[in-house]
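Asker: So the protein sequences, as listed, match chains A and B.
If you count by our numbering, then the first sequence holds residues 16 to 210, one letter each, in order.
If you count by our numbering, then the second sequence holds residues 16 to 210, one letter each, in order.
Take the hints with a grain of salt, since some may be wrong.
Identical chains blur together in the list; that is why a pair holds if it fits in one copy or across any two.
Here are the simulated lysine-lysine pairs, DSBU-like style, with alpha carbons at most 30 Å apart [unchecked claim]: (1) Lys207 / Lys82; (2) Lys143 / Lys89; (3) Lys143 / Lys27; (4) Lys105 / Lys128.
Honestly, the hints are just simulated from the structure, not real lab data.
2 protein chains.
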Amino acid sequence: MKVDRALWAKKKEAMFRRLLEDIHIGYLDEDISDLLLEIFKREDAFTISSCSGRIIFVDAQMPWMRKTSTVIFKKHKPITSEEFLEFLNKPILSRLWVIVTGPILHISTATLKEARTLISASRVAGLKHSGVISFRKDGIVLELRSGIGLTYVVKAGDRIFVDPTTDLVSICNEVLMKGKDRLRRLKEVITKLES
Amino acid sequence: MKVDRALWAKKKEAMFRRLLEDIHIGYLDEDISDLLLEIFKREDAFTISSCSGRIIFVDAQMPWMRKTSTVIFKKHKPITSEEFLEFLNKPILSRLWVIVTGPILHISTATLKEARTLISASRVAGLKHSGVISFRKDGIVLELRSGIGLTYVVKAGDRIFVDPTTDLVSICNEVLMKGKDRLRRLKEVITKLES
């Protein structure tokens, strides 16, 4: 199983155009766009997709059952107590989950050597659940993830599980920001790598 | 980067002896030992470590900060409301977290082909965060994980965040059992694979 270098390069070019577009329309915040550009600069790597970390509110029986879930709120920045209370008090169909996720990146590399370099860099930066998730003709695909995150059920039907007067919201925000820290560390580590 | 087959085989033998010991002393429950034996049967794979999924109570500022965390309770089976209340009411130093994790397996393979086969099988079984986490002379190391899990802060200092009269405990147990289901599916998928 060898990566088809020409196919890979064509994909990198297309993804680079899309990245520049995303930056141009303001779709990406600076924190992550700097990191993505740093990865694109490397000869044997490009990013496929990324999330800098977010807080979502999901109406679902179980939050990983995507097909039967409804995301009712999504934010890549800290949430306010008002936002939390607003969604806590809205009627739902099943259960209301608040999920804070750390950063996730999907990267394609042209070589196994580059895949190993980036996995090691991710581990140093605290993204410890990073690895190769598929080996394809058009690239070796990596998923970089940290162990940072919260998954809360806050309501079932109209029965509220949590006390909204507590530090819950600030803990959610604290977790979100810890995730963003890892992203900054990843950028530092990758910038210092030999190409 | 090639796996040293002799070194790998030696490690497989040692890990197999340890597995038999663990089964003999009753350290492993049947659900997971059947799966592990099935993986060992394969010519190019063996398991390094495994967890069938568990519920833990952790006293920590952030639960992934292992060095400054104290695990005060751990169970691989469903918990009771009495257990939950007992630990909810014990004094803690920082914050009390209840964490339900799905199954995690670490596997070593002798070839990239076998790594790819097992990653595909894991994905089919619903362990979607599975990948190669390192390429070493003594084996290609895979981590198989699902997206199943909960991470709750239930108390900070002596301030309780959750209403213990709700379905919280049964939802924790439901999540735990969903994780164990994935393990059963993984065993089925692997048993049906061509070697």
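Asker: For every hint, state whether the structure bears it out.
Answerer: Hints, one by one, checked against the model:
1. Lys207 / Lys82: between (41 Å within a copy, 27 Å between copies)
2. Lys143 / Lys89: both (25 Å within a copy, 22 Å between copies)
3. Lys143 / Lys27: both (26 Å within a copy, 25 Å between copies)
4. Lys105 / Lys128: Neither: 50 Å inside a chain and 50 Å across chains, both beyond 30 Å.
The earlier numbered hint that this structure contradicts is number 4, and it is the only one.
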